[in-house]
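Make the full structure from the sequences, and use the hints.
From first to last, the protein sequence lines are chains A and B. Take 1 as the starting number for the first sequence in the UniProt record's numbering and just add one per residue. Take 1 as the starting number for the second sequence in the UniProt record's numbering and just add one per residue.
Because the hints were derived from the structure by calculation, they are not lab data. Positions of the beta carbon are idealized from the N, C-alpha and C atoms, including for glycine.
So the derived list for chain A, only partly shown, Cβ under 8 Å to chain B, looks like this:
#, residue
1, PHE12
2, SER54
3, ILE55
4, THR79
Derived DSSO-like pairs (lysine-lysine); straight-line CA-CA distance at most 30 Å:
#, chain 1, residue 1, chain 2, residue 2
5, A, LYS177, B, LYS216
6, B, LYS218, A, LYS218
7, B, LYS178, B, LYS143
Chain residues, written in single-letter form:
2 protein chains.
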Amino acid sequence: METLLPKFDSVFSIDCVIFGFDEGELKILLIERNEEPFKDWWALPGYIVEQEESIDHAAERILYELTGLRDIYMDQFYTFGDVNRHPQGRVITVAYYAMIRLNGSKELKPISNYASKAVWISVNDLPKLAFDHEKIFSRGFEKIRNKISYQPIAFELLPEKFTLTQLQQLYEVILNKKLDKRNFRKKMLNYGILKELDEKQKGVSYRAAKLYKFDKRKYTRLFQKELTFGK
Amino acid sequence: METLLPKFDSVFSIDCVIFGFDEGELKILLIERNEEPFKDWWALPGYIVEQEESIDHAAERILYELTGLRDIYMDQFYTFGDVNRHPQGRVITVAYYAMIRLNGSKELKPISNYASKAVWISVNDLPKLAFDHEKIFSRGFEKIRNKISYQPIAFELLPEKFTLTQLQQLYEVILNKKLDKRNFRKKMLNYGILKELDEKQKGVSYRAAKLYKFDKRKYTRLFQKELTFGK
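Structure representation (structure tokens):
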């Protein structure tokens, strides 16, 4: 069939904002690029979509090649299409995000050679990023900040057993504000969504705190009943 | 600067899902295409992003050219990037949506000649659509269905003065279910977000219904206080 499509020098790319919570800090995964013109720059894990792959598949493949992570459930959150966002040509990038449970934020091993390393870095301590990746990160952060008010995302980031301090820290870093400890605990306990365990924190020398679990059924229900008006 | 970008035959496009509420029905704007291979097919208003324009600008331009509508506030909601979604080559499309207040759903006038007409059609009565536009529409509909539970969108679709029947119809078509009239009215009136006016519906021969307005301040606040826990 004759094609009516114009011939443009344009490519699609994928960029990933992968959130993890560790040591009381919200972190994202960054790579150090290994190619000009951004050699040695920090960037979000991302690269070009191949001609013959879907964007969802590209997102999985690229994250794996750059960080060794796989089987991570990612969702699109925004597509960035300003004309001059890439110095080498027209590149429209589809941004994906994921929230994962970190078990110690050790350095990850890139498989592809277009990154020299992949590291978890606190969102409060980000280096200068390549391209428009600061903008992409900010939008991703805004996404989870909004989401925390209508979906149960603390689940996805906290370990299965956690302390109230960890829970509060998570809310504080995502909402970007200090919360009153007494108030926070009272509210959280009143919701009836936390199950107190017969266990305490391990590896803490002084005053180990109690551990809690979410009552998943109640937690999810709490987030469903919000504004059900009309229903 | 030497470019490292590959040369792909790929283009970006924009597709728009424009919602309006009229005569008790949720409608979207469709165009009839005027070009092969989809001549005479119904499709969402959409076309190709030019090499030198941002995707946001393209969305405005394309909607205007196809429907004559302008200054419509649109938001991206999803990017569709399956390999074979377009019969003529690799086309990744960024989908935008908008909700607008309809004043009589008359036919609109395309300015560009790649559409022969632009018409408001009820979401319950859609014809077969070109490309993967049914999928794009469904995802857009899902978007506003989710949104109605955490953001005040009835505002954007209803006329400034409306009857309780209109309000209920709007919720029913978006949530896609019948609601109990007595219950719905009781809930809505209890929220204290509706202001009863000293006016009745015009142009109705029999039992004209009372008109209401939203108390915007209260309505917005209701949607903010939902799940503010941790805040």
